[in-house]
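Position chain B with the ligands against the provided structure of chain A, taking the given hints into account.
There are 2 protein chains.
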Amino acid sequence: MDWKALLILSIINVIYVMIGGAIFHALESSNEDNTKATISSEYATFLANQTCVTADELRTFVQKVLAAYDDGVFSTDTESSASLWDYGNSVFFAMTAVTTIGYGNQTPVTSGGRAFACVFAVIGIPLTLVMLAAYGTKIQKLLSPLEKKIWIKNHVKVDKVVKTITLILAGFIAFFIIPAAIFSSIEGWTFGEGIYYSIITLTTVGFGDFVIGTSDSDYRIPYRLLTAIWLVLGLSWVALLISDVQNKYTGAFDKSKEKEEEDKKE
Amino acid sequence: MDWKALLILSIINVIYVMIGGAIFHALESSNEDNTKATISSEYATFLANQTCVTADELRTFVQKVLAAYDDGVFSTDTESSASLWDYGNSVFFAMTAVTTIGYGNQTPVTSGGRAFACVFAVIGIPLTLVMLAAYGTKIQKLLSPLEKKIWIKNHVKVDKVVKTITLILAGFIAFFIIPAAIFSSIEGWTFGEGIYYSIITLTTVGFGDFVIGTSDSDYRIPYRLLTAIWLVLGLSWVALLISDVQNKYTGAFDKSKEKEEEDKKE
Ligand SMILES: [K+]
Ligand SMILES: [K+]
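Each protein sequence line maps, in turn, to chains A and B. Each residue of the first sequence is one higher than the last, beginning at 1 in our numbering. Each residue of the second sequence is one higher than the last, beginning at 1 in our numbering.
Only chain A is shown next, with the shape it has when bound in the complex (with noise of 0.2 Å):
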């Protein structure tokens, strides 16, 4: 690409993350000061009503339990939040660290534990990606006799069209769909933040505002180990989609190219 194509690509980058960030502005923030203002009139009645609290007190407790919970740890005297790391969470971690998912509900806090994570993280994330392109073209080996028997006679075009939509669709059943339902009724959320959650994570983004699993339950091994599952074919197959779609946007950053210097002949 050459720099005026890369400076092009470069606006087109910006404005789009500048839209978006109207867009998100204008769907997020009356939201967030209705929270802000509920949680300061629970402050103020909180103390209003507890004479006994004084303001300081309050504010020094709260930022103690802030403080932890930034460290994934949160108490009450009845409940205390599920062990962070033991092995089983300790692995699942690991795992969110080599797919550069990274929820980050769970983040080391040691000295010794953040090294180690940047070391781990930047051996594992090659070493991933390697099994992840593999499983990719097995999965689209293993996609292709579906392809075959979809056939629109005489039309090549639609037919193209009618094959991609239904591979993408096929992909979006297993990999969305079925998943998302399954978490939904597990972990108590809606269909539409399973949905949600099964995009954040296998896009790699990994907000962790959902994380499976976090809750303690006998069956979190299976639940988790079947996770894994989904997590490497679901990240080698969305893998494959991105790539495809890169390679069109580049291919047609490459077109207008070439059609420039096409103009330019003539």
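Any given hint could be a false lead.
As the list makes no split between identical chains, a pair holds if one copy fits it or if it spans any two.
[What the hints assert, rightly or not] Below, in silico cross-link-like pairs of lysine-lysine (DSBU-like), each with a Cα-Cα straight-line distance of 35 Å or less: (1) K148 <-> K36; (2) K138 <-> K4; (3) K248 <-> K64; (4) K141 <-> K4; (5) K138 <-> K64; (6) K160 <-> K4; (7) K248 <-> K138; (8) K141 <-> K248; (9) K36 <-> K64; (10) K160 <-> K64; (11) K160 <-> K141; (12) K4 <-> K64; (13) K4 <-> K148; (14) K148 <-> K160; (15) K36 <-> K248; (16) K36 <-> K138; (17) K64 <-> K141; (18) K157 <-> K36; (19) K64 <-> K157; (20) K4 <-> K248; (21) K36 <-> K4; (22) K64 <-> K163.
Bear in mind the hints are in silico, worked out from the structure with no lab data behind them.
Then chain B with the ligands, alone, in the frame of chain A:
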């Protein structure tokens, strides 16, 4: 890659993650227990000292504070978190979505915001990848004169190693050491935390335990603009490096496969 090689690769990945999990468990779990014990005793102390507050009342209040904190909002009687969804922060959020960093210190909480985040990420991620790949190629080209200057006479192998190390070192200084020094001085982090932040960010893991520019400041906009440039160039460079390592790994697997086939022929 044939199924056998993929099986071996999968086993290596599983072992890698399982050993990683064991190390994270060893490094983090005792610290977690301490934090839990501390916060439990803070709870007990507060309840013991403030006799007008019942355990129920405090629990209800803390749960409300934490629910708001989950949405990125915290508030005490004197201070309140900086505006999450002002335009600047919303653009920064949009950027973390399309780069798949997804810090998650700030996430959409409305249904509309979540639905839009999915669409926005799915379209934006391949677009961003195209741009990052293009910048990666440019960086590689710009570095090639530097590469030519290094030349160890009569030592082709040593020369190659020295070249590779020099390039990686130069990139590491430009994208990690210098930014980490700047970030740590501005954000009040230790230098180690700055390095940790830079590595977790540019590998797109994005735990979100450290995020730059979250405090209100007059310099937030130019600071974040410079950070955006660092992100684009740094992500390009790291993506290049990761894909190089990925190719090396894949090559190693193909070689072992080739060797096996040769062995069979003999
Ligand atoms: K991520
Ligand atoms: K993340």
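field: Homo-oligomer pair classification [K148, K4; C-alpha up to 35 Å]
entry: between (41 Å within a copy, 27 Å between copies)
message: Treating 35 Å as the Cα threshold, decide for K148 and K36: within, between, both or neither.
response: neither (56 Å within a copy, 58 Å between copies)
- prompt: Quick one: K157 to K36, C-alpha cut-off 35 Å, is that within a copy, between copies, both, or neither?
  reply: Classified as neither: same-chain Cα gap 54 Å, cross-chain 62 Å, threshold 35 Å.
message: At most 35 Å between CA atoms: does that hold for K36 and K138 within a copy, between copies, both, or neither?
response: So K36 and K138 fail the 35 Å test inside a copy (49 Å) and across (45 Å) alike.
field: Intra- versus inter-subunit Cα pairing at 35 Å for K36 with K64
entry: Answer is both; intra-copy 20 Å and inter-copy 11 Å each pass.
field: Copy assignment of K4 with K248, given that the CA separation must stay at most 35 Å
entry: both (19 Å within a copy, 32 Å between copies)
- request: Since the copies are identical, ignore which copy is meant and state whether K160 and K141 lie within 35 Å (CA to CA) inside a copy, between copies, both or neither.
  value: So K160 and K141 pass the 35 Å test inside one copy only (17 Å; across, 38 Å).
Identical-chain pair category, K64 with K141, by Cα at 35 Å: neither (54 Å within a copy, 51 Å between copies)
field: Intra/inter-copy verdict for K138 and K4 if alpha-carbon distance must be at most 35 Å
entry: between (38 Å within a copy, 12 Å between copies)
query: How do K36 and K248 come out at 35 Å by Cα distance, when the copy is not named: within, between, both, or neither?
result: Close neither inside one copy (44 Å) nor across copies (51 Å); limit 35 Å.
task: Tell me, please, which holds for K148 and K160 at an alpha-carbon limit of 35 Å: within, between, both or neither?
output: within (11 Å within a copy, 47 Å between copies)
- request: Using 35 Å as the alpha carbon limit, work out where K141 and K248 are close: within a copy, between copies, both or neither.
  value: both (21 Å within a copy, 24 Å between copies)
Of the hints listed earlier, those the structure fails to meet are numbers 1, 3, 5, 10, 12, 15, 16, 17, 18, 19, 21 and 22, in rising order.
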